[in-house]
Amino acid sequence: MIEIRIHGRGGQGGVTLAKIIATTRFLKGDSVQAFGIYAAERSGAPLQAFCRYDDQTITNRNLIYEPDHVIVLDPTLVPLGITSGLKPGGWILINTPESPEHFGDQFTGYRLATIDATSIAIANNLGTKTVPIVNTALAGAVAHMLGFTMTSVEKALEHLGFVGDNLTAAHQAYQQVNMNAACDPEAITVEHPVIPKTFTPGFLEGGGAQMPRIITGQWAKEQPDRQQMVPPCNHVCPAGNDVQGFLAAMARNEVDAALRTLLQSSPFPSICGRVCPAPCMDSCNRIHLDGAVNVRDIERSIGDLGHAEIKPIANRDERIAIIGSGPAGLTAAYHLGRLGYQVTLLEGGDELGGLLRTGIPSYRLPREVLDAEIERILLLGIEVKTGHRVSRQGLVRLANEFDAVLIATGLQEVRSLQLGLDDTDAVVQGIDFLDQVNRGEVRVDNEDVIIVGGGNTALDAARSALRLGANSVRVVYRRTRAEMPAISEEVDQAIEEDIAIDYLTMPVSMKPLGENGRHVLTCRRMELGEPDESGRRRPVEVSGSDFDIECSRMILALGQSQDMSVFPEGTEVRENGELIGLLEKPVYAIGDLATNDGTVAAAIGCGRRSALHIHALFTGEQLLSAQHDDGDVVRQDAMRMHLFEKQARDEGMAITAEDRFQSFTEVHQGLSGEPSHEAQRCLSCGVCNECDRCVTYCPEGVLTRVGHEFIFDYAYCKGCGVCASECPRNVIFMSRL
Amino acid sequence: MGLELVTGNHAAGYALAAAGEANRSARGTACGIYPITPQTEIVEFVSKYKFTKGRVIPVESEHSAMGVSLGASLAGARSFTASSSNGLAYMFENIMVAGFYRLPIVLTAVNRTLGPPWNIWADQGDTLMLRDFPWLQFYCETNQEVVDSTLLAFRVSEDRRVLLPSLVIMDAFIMSHTQMETDLPAQELVDAYLPTLNLPHQLNHERPTTIGGLAWPQETLSQRVEVDRAMLAVNDVYEECRQEFITIFDRDPGAPIDAFETDDADLILITSGTIASTAREVVRQRRRDGMKIGLIKMKMFRPFPADDLLRACENASRIGVLDRNYAAGMGGVFWHDTKAAFQGQRDNVLIQDYLTGVCGGDVTPAMVNEVIDDLAGRTKAERPMWKGIEA
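Going down the list, the protein sequences come from chains A and B. Quick note on this note's numbering: the first sequence kicks off at 1 and runs consecutively. Quick note on this note's numbering: the second sequence kicks off at 1001 and runs consecutively.
I should point out that these hints are in silico values taken from the structure, not numbers from a laboratory. Computed from a predicted model, the values in this text were never measured in an experiment. Among the hints, a few may not be true.
[What the hints assert, rightly or not] Sample of chain A residues facing chain B (criterion: CB under 10 Å; computed from the structure):
no., residue
1, 60
2, 161
3, 163
4, 167
5, 197
6, 691
7, 695
8, 697
[What the hints assert, rightly or not] In silico EDC-like pairs for lysine to aspartate or glutamate, Cα to Cα no more than 20 Å straight-line:
no., chain 1, residue 1, chain 2, residue 2
9, A, 221, A, 713
10, B, 1050, B, 1266
11, A, 28, A, 55
12, A, 87, A, 186
13, A, 197, B, 1264
14, B, 1292, B, 1191
15, A, 155, A, 30
16, B, 1292, B, 1250
17, A, 28, B, 1370
18, A, 197, B, 1191
19, A, 197, B, 1390
20, A, 197, B, 1183
21, A, 28, B, 1191
22, A, 511, A, 569
23, A, 197, B, 1307
24, A, 155, B, 1004
[Stated by the list, open to error] In silico negatives: residues of chain A with every beta carbon more than 10 Å from chain B:
no., residue
25, 59
26, 124
27, 225
28, 654
Positions of the beta carbon are idealized from the N, C-alpha and C atoms, including for glycine.
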């Protein structure tokens, strides 16, 4: 009887190799057995398989303790006692690229054969590259080694259903096996293996079943690592806020820490927490579960409730002029001030804030909130000059006088419709109307007011008119609600306030109606056609659909464009806002003037980038982190959404529609519950929050967390990838070794 | 099919499926099944099998598996299932029902240690847990014996004189996962050997009836007496079915006990399952060395073949029982029943118990030799001896 013992790892096909050898002999008419030792059949665990064959009927049912030959599927198993009980003069076949001579006199007393079955298996696409299945190749090597004919192995493989590449692999190994039959069996004495009879105390003594630890060594073909990714909110935030970061701090109820995180990028948490269209919420992965995290209201709470002291971190000599005190100019002043620069802020009007003050009504942004956040900036030591409108010549002078100039004058050019009464009191520009509103210089008692446009200015004008005594307010917009640029919540609130909105409607002419100050606005119905360059569907006129609306006045809110008149002739504005054609000094257009983005958040982002850019010019220090690669952003499909429980979103509170009439009291009142509670809804997409699910699920127990460090014990890690597949937020990745 | 190299699980799956298929001209086959290590390959085999009539139904637990088989069998289908260890424990309640309902279901059980601690290796404790219920029990030694005993079990179980379910049993891994040459008989031969099932109490919508409702003590007692009579009939029925098997398959499926060199033996080992193979070789060697020693392999454990055992041990003065099981507070179950068979019949025989291979340990020739040496030197029996551990 010949007995063969096979040393392999789970998944390598050791038991099947025993079966191939057994089948080869079975087809020759021998009595055979093929079996394995089974345990918790973990991929990669060392295992043994056995094969017996004899021309007499086999009666022995034991494991094989003293084999005639040994086959080793994985060379990393060689140190684990593969010669135990092996009879002197027996063959040892090792799957390795090395030659028998490589092993020196390690196996004195035995015959040694080697074959690179792994390469043969990979070359023949057997198994995966990670776990190549080497058994059919080894069957060819065994055949040569034990003197079976290749034909008999072929028959066995075919009998077992192995075809094609498996047969090729067996043939190749039959040819390539490297054998060294020289040995001196007399040189060694083999000890008979002792079957342990040890008594091991049980549960009462603290014993019991223990999972064996397995050194995976070279066997593991992949290994996990933790890598922080980019949450979609952070990716899209125009202001460059670490949204996930301040939500995480707020979730821990650390409002001051949350505010410090926000103030790293934006000086306006309380303002953005009120007026930002919040693209972070549009991209929030939680939308696919139970609604986006109410980031805007959380930011507002942090801005309103948090305390943080802001000081310059250095003292520098460079003097920088900033023209315009809207959000872009103020943000640039804030960051330059923090970095220690001597900043002078020049404002054409008599108060700071730009459109924050003149363009946003106080029921959306109370003046004290605006004043407080501007005050925090000025405390950095910013020199302020109001009533200081800069002309072309002025700009050249500034460029000479200062080390750098930032121009943040925004969008000053308004668009108008030539409908017939443009130069009369019947037609007012929206931003002018809002400026008058904010100064308390206008009322529209008993008027029927029509607003043309669909942006925030249109809605702000409409809702302000309602508060200033209008009899009726009606918004006329060329497209549908879906295309409206205004913040959706503001549209909802306008509708709550009984403001009518005529979608798909365009004014075509306006005429006076007698002498009573009333007018007739003729409008035309529209329908949506093909998308235009902005991606929105282009409105197309419906012929013969004209109709008339009576009104007292029409407010135009059709958007603004850049006023280039401040720039010297011959200047061109580069993509990044830099002005070419001036002096040697850095002079930049920033904010809406440069980008025409039209949101406070975008202006903040631009102001910050410009400030850091100036700083880099003067010092070479790059404080601006590189733009995220879109591929690093964790989207919903990379999240394990099923692991998160639903929790209703805090929609925030508003005063009733009745309370809004005749009143500029702030409409939206912020979150109804604890800010930390809503912040806890953040899924922390792509940012490890130490939930420890990976540690819990590691089947080998080789992943631990010490403090904030995750430690992978790669010596014992088999690279199964469970930690990566169980991570709810896509921060553990497998890499090939 | 002919001679194939297959595992014990494959052998069992083949025999179960062939037996089910053999009922295709009657009510076909139907059963519930649920996997458990080390029996899962059986589930895979029979689930893939394309029955001409009927099917195997995957369910959510062992309890339901037997539930499905109960219903199918009552409806006249040839029914079987397979399980192991804690799976059998979970099936337990419905296993009793099959016996008391008198349904000829065949259950392949792969002996595996009952946990905890979790242990997947061979130990007979799971099937011996069922020893007191109306089931026949056949312990197999080879993959061939699994095939043959399965077919035989259907014949015996379905005989009108018996009508009791059968357990056909093999050792975990040592059989279930070991490939050995095995003759898988052609379907025509199985068809010839297994007549279609004709259950006397088969459910019939024209004759509505309740089976297993409330019964008075005397009525229940009557049913127990019927079970006893059926058990008593097994020996004769078995022998008839065995002879017919030899006629059709040209192979002996084996007697209820397999006596090896016992005629003049003074010292006899009794064991079951794969230990019998190893022990037989040791006994053969000891015979060559001049020892008057024999071996009895217990194939049938229920009904307990006491008369056969007494006859085979006529000249023995010492008996050593090798038990791969341990009944807490008592010892080996085979030993216990052997002692009961001898009690009052042959009181002068020394019967010693050896707990060998319990919880899946390997029973080696060396261990069997230790047993023989111990038994030969004894003057009286003691409490069961643990082997393979310094206890």
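Verification of the hints:
no.	hint	verdict
1	60	holds, 6 Å
2	161	violated, 13 Å
3	163	violated, 18 Å
4	167	violated, 19 Å
5	197	holds, 5 Å
6	691	violated, 29 Å
7	695	violated, 23 Å
8	697	violated, 19 Å
9	A/221 with A/713	holds, 14 Å
10	B/1050 with B/1266	violated, 53 Å
11	A/28 with A/55	holds, 9 Å
12	A/87 with A/186	holds, 11 Å
13	A/197 with B/1264	violated, 35 Å
14	B/1292 with B/1191	violated, 44 Å
15	A/155 with A/30	holds, 15 Å
16	B/1292 with B/1250	violated, 32 Å
17	A/28 with B/1370	violated, 37 Å
18	A/197 with B/1191	violated, 49 Å
19	A/197 with B/1390	holds, 6 Å
20	A/197 with B/1183	violated, 38 Å
21	A/28 with B/1191	violated, 31 Å
22	A/511 with A/569	violated, 40 Å
23	A/197 with B/1307	violated, 37 Å
24	A/155 with B/1004	holds, 14 Å
25	59	violated, 5 Å
26	124	holds, 25 Å
27	225	holds, 32 Å
28	654	holds, 51 Å
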